[in-house]
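Take the given structure of chain A and dock chain B to it, following the hints.
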Amino acid sequence: MAQSVIKVVDIKKSFGAVKALKGVSLEIAPGEIHCLAGENGCGKSTLIKVISGVHAPDSGHIEFGGKVYTKISPIESIMNGVQVIYQDFSIFPNLTVMENLVFNSELKDRRKFVNWKRFRRIAQQAVDRIGFKVDLNARVGDLSVADKQLVAICRALMFNAKLIIMDEPTTALTTKEVNALFKIIMSLKEQGIAILFVSHKLNEVFEISERFTILRSGEKIITGNTSELDDKKFTYYMTGREFEDLRFKPKNVSKEPLLEVENLGLTGYFHDVSFSLKRGEILGITGLLGSGRTELALSLFGIHPADQGKIRIKGQEVVIDSVESAMKYNIGYVPEDRLSEGLFLPQSIADNIVISELENISSKTGIIDQKKRKAEIERWVKELGVATNNPANACNTLSGGNQQKVVLAKWLSRNLDVLILNGPTVGVDIGAKHDIHTILQNLAHEGLGIIIISDDLPEILQNSSKIIIMKNGTVTAELNPEEIDEDKLSEYMMGGNE
Amino acid sequence: MRKKVKSLLSKHEFYISLVIVLLCIMIEVRSGQFFTPNNLVDLSSALIVPGLFAIGAFMVIVSGGIDVSFPALASLSVYATTKILTDANYKGGILLPIVMVLVFGALLGAFNGFFIARLKLPTMIITLGTSSVFRGIMQGVLNSTQIPNIPEGMKNFGNAALFVAKNQQLGLTSRMPVAVLVLIAAIALAYFVLRYTMFGRALFAIGGNETSAYRAGFNVGRTKFILYVIVGAVSSLAGLIRTCMMGQMHPTNMLGMEMMIIAGVVLGGVAITGGDGTLTGCMLGTILIVMVQNSLILLGVPTYWQEFFLGTLIIVGTGISAMQVMRNKRRLVSRKLEEGS
Numbered sequence: 001m002a003q004s005v006i007k008v009v010d011i012k013k014s015f016g017a018v019k020a021l022k023g024v025s026l027e028i029a030p031g032e033i034h035c036l037a038g039e040n041g042c043g044k045s046t047l048i049k050v051i052s053g054v055h056a057p058d059s060g061h062i063e064f065g066g067k068v069y070t071k072i073s074p075i076e077s078i079m080n081g082v083q084v085i086y087q088d089f090s091i092f093p094n095l096t097v098m099e100n101l102v103f104n105s106e107l108k109d110r111r112k113f114v115n116w117k118r119f120r121r122i123a124q125q126a127v128d129r130i131g132f133k134v135d136l137n138a139r140v141g142d143l144s145v146a147d148k149q150l151v152a153i154c155r156a157l158m159f160n161a162k163l164i165i166m167d168e169p170t171t172a173l174t175t176k177e178v179n180a181l182f183k184i185i186m187s188l189k190e191q192g193i194a195i196l197f198v199s200h201k202l203n204e205v206f207e208i209s210e211r212f213t214i215l216r217s218g219e220k221i222i223t224g225n226t227s228e229l230d231d232k233k234f235t236y237y238m239t240g241r242e243f244e245d246l247r248f249k250p251k252n253v254s255k256e257p258l259l260e261v262e263n264l265g266l267t268g269y270f271h272d273v274s275f276s277l278k279r280g281e282i283l284g285i286t287g288l289l290g291s292g293r294t295e296l297a298l299s300l301f302g303i304h305p306a307d308q309g310k311i312r313i314k315g316q317e318v319v320i321d322s323v324e325s326a327m328k329y330n331i332g333y334v335p336e337d338r339l340s341e342g343l344f345l346p347q348s349i350a351d352n353i354v355i356s357e358l359e360n361i362s363s364k365t366g367i368i369d370q371k372k373r374k375a376e377i378e379r380w381v382k383e384l385g386v387a388t389n390n391p392a393n394a395c396n397t398l399s400g401g402n403q404q405k406v407v408l409a410k411w412l413s414r415n416l417d418v419l420i421l422n423g424p425t426v427g428v429d430i431g432a433k434h435d436i437h438t439i440l441q442n443l444a445h446e447g448l449g450i451i452i453i454s455d456d457l458p459e460i461l462q463n464s465s466k467i468i469i470m471k472n473g474t475v476t477a478e479l480n481p482e483e484i485d486e487d488k489l490s491e492y493m494m495g496g497n498e
Numbered sequence: 001m002r003k004k005v006k007s008l009l010s011k012h013e014f015y016i017s018l019v020i021v022l023l024c025i026m027i028e029v030r031s032g033q034f035f036t037p038n039n040l041v042d043l044s045s046a047l048i049v050p051g052l053f054a055i056g057a058f059m060v061i062v063s064g065g066i067d068v069s070f071p072a073l074a075s076l077s078v079y080a081t082t083k084i085l086t087d088a089n090y091k092g093g094i095l096l097p098i099v100m101v102l103v104f105g106a107l108l109g110a111f112n113g114f115f116i117a118r119l120k121l122p123t124m125i126i127t128l129g130t131s132s133v134f135r136g137i138m139q140g141v142l143n144s145t146q147i148p149n150i151p152e153g154m155k156n157f158g159n160a161a162l163f164v165a166k167n168q169q170l171g172l173t174s175r176m177p178v179a180v181l182v183l184i185a186a187i188a189l190a191y192f193v194l195r196y197t198m199f200g201r202a203l204f205a206i207g208g209n210e211t212s213a214y215r216a217g218f219n220v221g222r223t224k225f226i227l228y229v230i231v232g233a234v235s236s237l238a239g240l241i242r243t244c245m246m247g248q249m250h251p252t253n254m255l256g257m258e259m260m261i262i263a264g265v266v267l268g269g270v271a272i273t274g275g276d277g278t279l280t281g282c283m284l285g286t287i288l289i290v291m292v293q294n295s296l297i298l299l300g301v302p303t304y305w306q307e308f309f310l311g312t313l314i315i316v317g318t319g320i321s322a323m324q325v326m327r328n329k330r331r332l333v334s335r336k337l338e339e340g341s
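Chains as they are written, first to last, in this note's numbering: chain A, 1 to 498; chain B, 1 to 341.
Among the hints, erroneous ones may be present.
[To be verified] Think about it this way: if two alpha-carbon atoms lie no more than 30 Å apart in a straight line, the pair counts; the simulated DSS-like pairs of lysine-lysine are:
(1) Lys189/A with Lys148/A
(2) Lys6/B with Lys133/A
(3) Lys11/B with Lys108/A
(4) Lys120/B with Lys112/A
(5) Lys148/A with Lys91/B
(6) Lys120/B with Lys71/A
(7) Lys120/B with Lys148/A
(8) Lys120/B with Lys49/A
(9) Lys6/B with Lys117/A
(10) Lys19/A with Lys120/B
(11) Lys11/B with Lys133/A
(12) Lys117/A with Lys11/B
(13) Lys201/A with Lys488/A
(14) Lys148/A with Lys6/B
[Said to hold, decoys possible] Some chain A residues judged to face chain B by a derived CB distance under 8 Å, without partners named:
(15) Ile91
(16) Phe92
(17) Glu99
(18) Phe103
(19) Glu106
(20) Lys108
(21) Arg111
(22) Phe113
[Unchecked claim] Using C-beta positions, here's what the derived DEER-type ranges look like:
(23) Leu40/B with Ser144/A: 47 to 55 Å
(24) Leu189/B with Asp128/A: 46 to 54 Å
(25) Lys133/A with Met246/B: 54 to 62 Å
(26) Leu40/B with Asp109/A: 46 to 54 Å
(27) Lys6/B with His61/A: 53 to 61 Å
(28) Leu189/B with Arg121/A: 21 to 29 Å
(29) Gln306/B with Asn390/A: 49 to 57 Å
(30) Leu8/B with Phe132/A: 24 to 32 Å
For the record, the hints were derived by calculation from the structure and aren't laboratory data.
We put the beta carbon where it would ideally sit given N, CA and C, even for glycine.
The following block holds chain B by itself, in its conformation from the complex:
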């Protein structure tokens, strides 16, 4: 029992859950509105897109890289999909847009993956470059402008509700989007891939020690290539869902989200140096970020303080994990000294 408690206390996920619970209570006490059905549904709905992005960012960080191009990548593939479909006066359902956006996303991801697998450059440098390329293609070549009227099928998907939650007190209602199922499915799939496939374990192995992974017989280049194809597809799907939920395509709307997403993943205890972290932690970190973004207003904090709080959270969160690393190191050194004498 004591051992269990101890192992719980050493887990990052425990602390971040604690912070989330405290924040929930704080908001509830201040506003009395946190645990209302509509607020919880709103939160879940706000989590869908960042959650999907975070899955991709998490897999990349675990493999020892940092991808900053996914919002630009998603914007480009969603813009292309929406543009083609509106121009063709598409009247069908959501299936074709999903297939198209996955294909575009996978292709652009392959573009990332090709360079990352081939060139031995830090992924952040490469994705900074490809991010500019994606934006350039979208804004220059495709001459992107806002598309106010997206195809009916996409709009319907964005508005489709699993159920509707109602706040009796204020008479507000919130719809739980069907798209939340996509997030749940993606989490389940990611969990399975990371834990029960050699591909998933390869990501951890490469993030831990790339040379060792190569020597052990992992095909490092191919694994990375596949990873970025997957991340491209998942991120683009997230972008499509966002566009559908907003009911219009705004090409620059997602740009800049990468910092917030990566911050959430790192807050969840995922080592930025690669190899360490859990999907649970990654999701908890993302939830925390989304909560701060969505709920400060319930606390009566002006929205322009959001960035301040996010920044503080990131510094404190990463500071704690840095301290844990230092403490572990010190423990190892003292153990070494004891063994030596």
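With the rest of the complex left out, here is chain A:
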């Protein structure tokens, strides 16, 4: 390999008793796009923080073009051309694009006074470098997520960056924005800038990176060329587990439909949606953002009640005009953004589990029966395999996958008939994703009717017994997952065959 941009050798780092990094090495060449992957808690973030100088390693060293550091300060790291683009972009939403761009360099030059003309000149140079068209006087808080990220990238480029570390840069971007970002990454590569790209999304790793490193529990599992990597191996390296293909095969399907929807519509969002769901079935609904899929789910759960069409439950026509009425008919909803809509994050895991069944575990006077409460909590933590040693801990101490399990527990404790999930595994690790899919399939076998709304096509294919595609607010196709593959499905979604 040519002279490397950075060489990390045998880094160890512990926090108290927790060994976050157990001797990790990594080498990146100029202009290389290197993907760093691993599940939550594998030590990715710690490694980044060691490289950027936030954490001092316990042992091992870092080399920049021959210079060896056993400990590096944030400033030394920047001086050696390392720039980190954090997940939150580290921006000031209340200030203009201009100020966001210039602060770092002004502070580096130890300036005490502000010269707005100089600010503008420096900022203009920064955005010109990647041809980013933006109003320098715009408030950064008013920009789209993708533009905020570009601001962060422009800022990183101002320091003669040789290595740009991007921490899960695609999380909040749309497909179009991801493509634009990849174009920029490629052009940086041409300028000889190396990129360390942190991600656990398989398709991105394949698309953008040449080489990859996978960490698991603080250890480096493998470094190699992406061309030698495939789905199965990737998952195995990340989790250390082999997953058998979990295609859903409905077993106990009821004769009578559980939920029937006829020409349902909500003015301005969706119209003429019809389908039926039996016990034991999983209905997959997919479509692009804005196709009406989320609004449909919200209507079925009474948040935005539908204004046209009929809903029948167990053959009886019902009106769902509020969350209370949806809950009365034993419908549960797991929202897309579980963080803000599905959980009380600072509250304990235990309280989150029992929140929707309080009436069942409390006496007539409204006092909670502590024994029943404890029994319920133990039951669900065990049944769903929530990884916690103490349910009294706050929910935000859990990883995404385990949080999702708590959301599920919250609903399942109510003995539902219909469970609607919107993006059930968004932002969840592969291992936990697998667990959640298993749980959902078992629930269906036990007689629950499940609706999964997702744009994760493999997820829809793997877990549905029936798929409907939504486009421009209505159903454009009803498909049997046995008969199609991912490419076909995506074709239907884009609506190329209208």
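Positioned in the frame of chain A, the structure of chain B alone reads:
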């Protein structure tokens, strides 16, 4: 041109100016006394102390904190200064009291700043604590009582007039205190610091996102420490001016002013969550509060209604800005949806 109008309409300062103008007209129509020279001078003179306090409160709120200790801090440093000087039978001018009060204020501000920069606690909690400490020292340790005869030099400064305005109709006169120059100078200085120094921009940056500020290379701890030293000094100076203008030192007279001052700043469109707001807005909000306090009497409204009106004003004022925030959010969401589809 249309763009200009639109940007004016989106500015909080425009609406608050509108309210002030309406209130002026209302008072003038009811009493015919608002636009008399002596009333305007009285108003300006009443604005000096709250204006200085507001500058400090504004800088703190912009940096993402809330300081409720400044009246107690000012009371303590002014009381200490006055007490020492009266006991020493001080006969000199105003310069020494000013220097003393600035030093005391800076020291007490440093006390605030030390805890705020070191401990990662909400500033309101810390300043609630230090506020009690300051009051305790003043009333317990210094055993404070009213000082009716403050040094001559202080009294003279309080009475010194820039000019005298006369109301021909009623034969009333009002003096414009020299101290108004202090307020003007402080506003000019604050404007310069906030706009043209990295320290000033650091306050906005920290108020916007403290973690980002740290990562960008701002020395967050030191910036906060310096901020509270400055606020301590400015607030104490305001306290001294108030004492001089009243001609006596009343130790508990300023306590409780913090709510009114913070309300004025927030009314001026300064985000209580930090990072957003202008000095102009802050001053307009303070003017509005002072006007309501001083002028309701001209409207023939009994003084005990003052609090009622102040409260209503605060609810309406903050309600409007909360609504603006919500509207902006909604606009963003709908734009996102459009981009997505």
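Right, here's what the structure says about each hint:
no.	hint	in the structure
1	Lys189/A with Lys148/A	holds (21 Å)
2	Lys6/B with Lys133/A	holds (23 Å)
3	Lys11/B with Lys108/A	violated (34 Å)
4	Lys120/B with Lys112/A	holds (26 Å)
5	Lys148/A with Lys91/B	violated (62 Å)
6	Lys120/B with Lys71/A	holds (27 Å)
7	Lys120/B with Lys148/A	holds (28 Å)
8	Lys120/B with Lys49/A	holds (22 Å)
9	Lys6/B with Lys117/A	holds (26 Å)
10	Lys19/A with Lys120/B	holds (27 Å)
11	Lys11/B with Lys133/A	holds (26 Å)
12	Lys117/A with Lys11/B	holds (24 Å)
13	Lys201/A with Lys488/A	holds (21 Å)
14	Lys148/A with Lys6/B	holds (25 Å)
15	Ile91	holds (6 Å)
16	Phe92	holds (4 Å)
17	Glu99	holds (7 Å)
18	Phe103	holds (5 Å)
19	Glu106	holds (7 Å)
20	Lys108	holds (7 Å)
21	Arg111	holds (6 Å)
22	Phe113	holds (6 Å)
23	Leu40/B with Ser144/A: 47 to 55 Å	holds (49 Å)
24	Leu189/B with Asp128/A: 46 to 54 Å	violated (36 Å)
25	Lys133/A with Met246/B: 54 to 62 Å	holds (59 Å)
26	Leu40/B with Asp109/A: 46 to 54 Å	holds (47 Å)
27	Lys6/B with His61/A: 53 to 61 Å	holds (58 Å)
28	Leu189/B with Arg121/A: 21 to 29 Å	holds (27 Å)
29	Gln306/B with Asn390/A: 49 to 57 Å	holds (54 Å)
30	Leu8/B with Phe132/A: 24 to 32 Å	holds (29 Å)
When each numbered hint is compared with the structure, violations occur for hints 3, 5, 24.
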